[in-house]
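Asker: Chain by chain, the residues:
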Amino acid sequence: MDKQRRKFLKIAGATALAGIGAPALIRLTSSTALAAEHGAAVGHAAEAAHGVPAPAAPLGVRLGMVIDMRKITEQPELLDNAIAACNYAHNIPQFDNRKSEIKWIWKAPFANVFPVESSYHLAKSVEKTDFAVLCNHCDNPPCVRACPTQATFKVKGNGIVAMDFHRCIGCRFCMAACPYGARSFNWEDPRPYIKKYNKDFASRMRGVVEKCNFCGERLALGQEPACVEACKGTGAIVFGDLNDAKSEIRQVLDKEFTIQRNAALGTKPSVFYIV
Amino acid sequence: MYNKGTIIPGLIIFVLFVTFPIWFNGLKAGTLPKPELPPGGEKKCVMPVEYMRANHMQLLNEWRDNVLRDDNRTVVTVEGKPYRKGLQMACMNCHSNKEKFCDNCHAYTAVKPYCWDCHLTPKEAASKEVTH
Numbered sequence: 000m001d002k003q004r005r006k007f008l009k010i011a012g013a014t015a016l017a018g019i020g021a022p023a024l025i026r027l028t029s030s031t032a033l034a035a036e037h038g039a040a041v042g043h044a045a046e047a048a049h050g051v052p053a054p055a056a057p058l059g060v061r062l063g064m065v066i067d068m069r070k071i072t073e074q075p076e077l078l079d080n081a082i083a084a085c086n087y088a089h090n091i092p093q094f095d096n097r098k099s100e101i102k103w104i105w106k107a108p109f110a111n112v113f114p115v116e117s118s119y120h121l122a123k124s125v126e127k128t129d130f131a132v133l134c135n136h137c138d139n140p141p142c143v144r145a146c147p148t149q150a151t152f153k154v155k156g157n158g159i160v161a162m163d164f165h166r167c168i169g170c171r172f173c174m175a176a177c178p179y180g181a182r183s184f185n186w187e188d189p190r191p192y193i194k195k196y197n198k199d200f201a202s203r204m205r206g207v208v209e210k211c212n213f214c215g216e217r218l219a220l221g222q223e224p225a226c227v228e229a230c231k232g233t234g235a236i237v238f239g240d241l242n243d244a245k246s247e248i249r250q251v252l253d254k255e256f257t258i259q260r261n262a263a264l265g266t267k268p269s270v271f272y273i274v
Numbered sequence: 000m001y002n003k004g005t006i007i008p009g010l011i012i013f014v015l016f017v018t019f020p021i022w023f024n025g026l027k028a029g030t031l032p033k034p035e036l037p038p039g040g041e042k043k044c045v046m047p048v049e050y051m052r053a054n055h056m057q058l059l060n061e062w063r064d065n066v067l068r069d070d071n072r073t074v075v076t077v078e079g080k081p082y083r084k085g086l087q088m089a090c091m092n093c094h095s096n097k098e099k100f101c102d103n104c105h106a107y108t109a110v111k112p113y114c115w116d117c118h119l120t121p122k123e124a125a126s127k128e129v130t131h
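Chains as they are written, first to last, in numbering that gives the first Met the number 0: chain A, 0 to 274; chain B, 0 to 131.
No lab work stands behind these hints: they were computed from the structure. Do not rely on the hints blindly, as some may be mistaken.
[As the list claims (entries may be wrong)] Distance condition first, Cα-Cα at most 27 Å in a straight line; then the derived DSSO-like pairs of lysine-lysine:
| id | chain 1 | residue 1 | chain 2 | residue 2 |
| --- | --- | --- | --- | --- |
| 1 | A | K106 | A | K153 |
| 2 | A | K198 | B | K27 |
| 3 | B | K80 | A | K98 |
| 4 | A | K231 | A | K106 |
| 5 | B | K33 | B | K99 |
| 6 | A | K194 | B | K127 |
| 7 | B | K99 | A | K198 |
| 8 | B | K42 | A | K198 |
| 9 | A | K195 | B | K42 |
| 10 | A | K198 | B | K127 |
| 11 | A | K198 | B | K3 |
| 12 | A | K123 | A | K70 |
| 13 | A | K195 | B | K99 |
| 14 | A | K198 | A | K153 |
| 15 | A | K254 | A | K123 |
| 16 | A | K70 | A | K106 |
[Unchecked claim] Beyond 12 Å from chain B on every Cβ pair, some chain A residues (computed):
| id | residue |
| --- | --- |
| 17 | N90 |
| 18 | S118 |
| 19 | E247 |
For every residue, glycine included, the Cβ atom is placed at its ideal position computed from N, Cα and C.
Next up, chain B with everything else stripped away, as it sits in the complex (with noise of 0.2 Å):
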C-alpha cells in the first residue's frame, strides 16, 4: 500500500471525529427521560402504555380526523371516566404539566411536535381563564 503512513493515521482520525457524539458522551445515551405521571393519580390510559409510548402521535391524528372530518365524536371511556377525543379535552386532563411530560421525551429525542401552535397546554389556558 502507497502512503501507509497518512492513510491509516488519517482514517483513524476520520473514524474518531464521526464517532465523537458517541464516546464523548462516555458510550451512554444520557439520562432517559422520566415523563411526569398524571398527577392526578389516574392509571389507565385511553390505550396500553407500550402502544401510547410508540403510537401517541397516529392515535392524535386519528382522533383529530374522527372528530373534524367524519363527526364522529363518541366518548372514549376509561375505568367509567369519560374522556372527549381530543388533545386538550382527553390527554391534558390527566397529563396536566404538558413541560414535565410532553417536552421531557421530545427534547431528549428532539422533535418539535407544533401541537402547541394552536392548542392551548393547560398553563397557557389558565393564564387567561374565566374569572366569573
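Isolated chain A, as found in the complex (with noise of 0.2 Å):
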C-alpha cells in the first residue's frame, strides 16, 4: 500500500513537471528560427526608416476609370446620354420617388461627390456642374467583406466589383458598408418601371441590391462599357488598365491631376477625376 502510493506520487509529480515545463521547452527549441525572423525584420525596418516604403507592384489588371469633368461641364448632354446608354443596357427602372431610386451611374453636387474637399468659394463653372458618379470599383471594397453570402466579390481577372444577383439576400449590409451611395435596392418590382428591355441582360427582382458592373457582359464582347461608348471621341470618360503603363489611361493619369472620391478611407478606388 504504501509503496504503491510512492510510486503513484512520483508519477503524478513528473507528469505535472513535464506538463507545466513543455510550452518552455518549444519556446526554447524554436526560438532560433524567431531569431532569424526577427533580423530580417530589423531589416526591412531600417530600409523603409530612409523614407516612404515603395508600394507592392501591382499585379493583374485592375480596370478602372477617368471622368474629366472639364469636358461634361462644356458638353452636359455627354453625361445624359451616358446614363441612357447605362439604364437601356441594364434594364435599369425609372421611378418617380428617389425612395425607390435604382442608379447605376447618376448625377450630384461636387458638395456631394467630394464630402472631403472643400467646397467654399469653388469655382462658380464646377459648383453648377452635375458630378457623374457611379460605383468606384474599389481596390479594397467595404462592400465585399459586408456581404454575407458573397454576392459580391472582385473579380480576380479584372478587380471588377460585381454582383451575382442570385446570390443576393437583400440584407443591405453592402449599402450600409459603401462609403459612396453606390448600391441601390429593389423596394418593389423594377420590371413595371423599366421603359426599354435590353434583351441580352436580365432585369432584377425585388428585394436585391444592384450597382454598376463596368459592362463586364460588354467588355466579354469586346465593347466598351455603354457609358464610355456614349461618350465616345470627346474623352470625358477613359476606361482602361490603371496597372498597365502603357494604357491610355494611365497617360491621362500621368499627365493631368485626378482626385479619387474620399482616398483617405483607403478603399482605393479605381475611378478618378479631373476637375
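These two chains come separately, so use the hints to put the complex back together.
Answerer: Written as C-alpha cells, this is what we have:
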C-alpha cells in the first residue's frame, strides 16, 4: 500500500512537471527560427526608415476610369447620354420617388461627391456642374467584406467589384458598408418601371441590391462600357487597365491631376476625376 | 384477432384513400408533356438531349458561375453557331417560346424555377423593345 502510494506520487509529480515545462521547452527550441525572422524584420524596417516604403508592384489587370469633368461641364449632354445608355444596357427602372430610385451612374453636385474636399468659394463652373457618380470598383471594397453570402465579390481577372444577383438575399449590409452610396435596393418590382428592355441582360427582382458592374458583359464582347461608348471621341470618360503603364488611362493619369472620392478611407477607388 | 370486423375494412379504406391520386387517374400518369422543339429548326443543343433533359439546371448554374464569378465567358459553339453562355443569350435563342418549352415540363412535374423573376422571356423582352 505504502509503496504503491509513493510510486503514484512520483509519476504524478513527473507528469505535472512535464506539463508545465513543455511550453517553455518548445519556446526554447523554436527560438532560433524566431531570431532569424526578427533579424530580417529589423533589416526591412531600416530600409523603410529612409523614406516612404515602395508600394508592392501591382499584379494583373485592374480596370479603372477617369472622368474628365471639364469636358462634361462643357457638354452636359454627354452625361445624360451616358446615363441613358447605361439605363438601357442594364434594364434599369426609372422611378419617380427617390426612395425607390435605382442608380448605376447618376448625377450629384461637387459638395456631395467630394464631401471631404472643401467646397468653400468653389469655382462657379464646378459649383453648377453635375458630377458623374458611379461605383468606384475599389481595390479594397468594404461592400465585399460586408456581404454575408458572397453575392458581391471582386473578380480576380480584372478587379471589377461584381455582383451575383442570384445570391443576393437583400440584407443591405453592402449598402451600409459602401461609403459612396453606389448601391441601390429594389424596394418594389422593377419590371413595370423599365422603359425599354435590353434582351441580352436580365432585370432584377424585388429585394435585391444592384450597382454598376463596369459593363462586364460588354467587355466580354470586346465593347467598351456603355457610358464610355456614349462619350466616344470626346475623352470625357477614359476606361482601361490601371496596372498597364502603356494604357490610355495611364497616359491620362500621368499627365493630369486627378482626385478620387474620399481616398483617405483606404478603399482605393478605381474611378478618378479631373475637376 | 380482436375487432377484425372494423380493422380490416378500416385498413382497406385507408389504403384506398392514400392511393386515391393513382387510381383516380386510371393508373395513368396523365398525358406526358411534349416540349416544343426549336421553331427555328435547330437540331443540336449544347449537350446531348438526354443530358439536357436531366441536368439542364446544373448546366445553367455552372454557366452562371463561369460567367459571373470566374469571368469565363467563352462562347459555346454548336455546329458552327456560337452561343454565349446564358439563359437569355443561348437557350432562349432557339427555344424561343418559354410557355411551350419550359413551362410544359415544369408544370407537369410541379417545379417552380425562379429564373423568370429576373430573366426576361423572349415574349417579355419583345413587349418593350427598342423601336428605333
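Asker: Among the hints numbered above, which are violated by the structure, and what are their numbers in rising order?
Answerer: Violated: hints 2, 3, 9, 11, 17.
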